[in-house]
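Visitor: Take the sequences, apply the hints, and build the full model.
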Amino acid sequence: MPLSKKRIGIVCPYGWDTPGGVQSHIRDLAEYLIRQGHYVSVLAPAIEDEDLPEYVTSAGRPIAIPYNGAVARVLFGPIAFSRVRQWLTNGKFDVIHLHEPAIPSISLLACWAAEGPMVGTFHAAAKRQKVTFAVAPFLEPVIEKLGARIAVSEAARETLTEHLDTDAIVVPNGIYASQYRNGSLDSRWTGNTIGFIGRFEEPRKGLDILVAALPVIALAIPDIKVFIAGPGDSEAVLKNIDPSLRHRFTFLGRISEHDKADFLASVGLYIAPNTGGESFGIILAEALAAGASVVASDIPAFDSLLGHGKYGTLFESENPNDLSQKVIGLLNDPVARRAIAERGKLYAQEFDWDVVAEKIYDVYEMAMVGGSGVTLSSENRAWNKFLGRQSQ
Amino acid sequence: MKYLSAIFFIALAAWYLSYSATRLDRLHTRVETSWANLDGLLQRRAAIAIEIARSEISDPASSLLLTFAAHQAREASVRDRSQAETGLSGALGILLASSDEVTGANEKDLLRELAELTEKIRMAISMHVDAVTRTQLVRRKWINRVFRLAGTAPLPVTYEFEADIL
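As given, the protein sequences belong to chains Y and C, one line each in that order.
The numbering of the first sequence is the numbering used here, which starts it at 146 and goes up by one.
The numbering of the second sequence is the numbering used here, which starts it at 416 and goes up by one.
Incorrect hints may have been included.
[Claimed, not checked] No more than 20 Å apart at the CA atoms, straight line, and that leaves these computed lysine to aspartate or glutamate pairs for EDC-like:
1) 535(C) <-> 443(Y)
2) 535(C) <-> 312(Y)
3) 556(C) <-> 285(Y)
4) 237(Y) <-> 510(Y)
Just so you know, the hints here were simulated from the structure itself, not pulled from any lab data.
Guide: Now the structure itself:
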């Protein structure tokens, strides 16, 4: 890839030590770029400073605030701001990459404080919200400093166009496709089985929809079994399931990356009944890469990820009847099921980090044209001078 | 008290003016960067087009057409640039439509390079168009027009590019 090694700064808006899609995306990207020989520094809020990887700098303890229907661990305030400026000054970056610069966290602060080649990535997809329109006049002058913006999906891009009136290049989230490519069939999970991975207690993951669809499926496919992987309290969920159906459910708890590949390769169908709140659907990309036949709700993120039904089957979101029809249809037609899974597996290679990171680096290169590196913005330099602080 | 509030108001107005000017200046820089980027990529494409014209991929007739289009794209003024580049896209498109039977390793390399470049040009166009639209939008604001904060910087023009025939 690169002939010249660059100094790249990445800002993560959410607490590094809490699991999340944005965090793992940044971790994989940073590690990929480091392997390519670049110098990478990630600035992120963190609860514990000790266990951080070498390339992560802590910006302080995150604050939990309710945001967009979930709890977001973000960070702002004067101390965080001064750390951001310090990081920018010390880093002498050629380019900085800000994730989610439109939410109140350190990415926004960095965007405000810096000047020079900047790239922003927008992950979230949200419905039209009045509040975003109210803050848009304040956000726009800051966001417009970004030389290039990336959206992780068509849904995220639409959100951006709608709320902040600006366009973005779509570069999907990355997966390590090679980890999933060669999952082996495990007889525990093969046959007429349904797989589900995720924090099943969260209503937006839609396990309820699958539970509601199961009675009809069980009538048509008597040996149907459901395997659920992911952290959570399975007792509480089982209690709400009809006693005659309970024996069909198996909770596997959290599974390892290695088991995940086998699991996805083995199950008859992988089901994602999410009711919303998804922007990309990384698990679907992984399922496709492993060769699973996918059935997903037709929320915008999944609809675009699955190519409007070309690489997986879509059902009407929050409609258990439609889900059960689609599942029965596919389980009774192994030929069609295999065909769609084959197509999906081939298509999922596009999400491999080798492809995705190259695209992101292309965007960096474009933002860096003629640039002389990232500096503090002139306002901040003037302010420092006024206070008698030297920026070096 | 009256003086104090007057001073405060003047200071605020001065700050806002300088802030708006900085904002505009940044946007103009962004337009220049994205244009430099797009221009560089398009120049490279023209160079590749000429190489393709000289290679075994193209027959004499399409060679002629391609060379002509590439030179036109290179020499076009800013005003005629997009039309010339669209012409080159068209010429390349005709050639690529029949490029399935290309065999030589060198030729395959050329075509792969062209495909990669096309992808980058697509991104560069979207970045440039966004920068231009934003700048035009901000320049239309009354404060920037009344106080001539843009100075002598020319109003950036939208680059019309037929992305679909790239």
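Visitor: Against this structure, judge whether each hint is valid.
Guide: Checked hints:
About 31 Å separates the Cα atoms of residue 535(C) and residue 443(Y), which puts this hinted pair outside 20 Å; it is violated. Only pairs whose Cα atoms come within 20 Å are accepted, and residue 535(C) paired with residue 312(Y) is accepted, the gap being roughly 16 Å. Simply put, residue 556(C) and residue 285(Y) have alpha-carbon atoms about 14 Å apart, close enough for the 20 Å limit, and the pair holds. For the proposed pair residue 237(Y) and residue 510(Y), the alpha carbon gap of about 16 Å is at most 20 Å, so the pair holds.
Checked against the numbered hints listed earlier, the structure breaks hint 1 alone; every other hint is satisfied.
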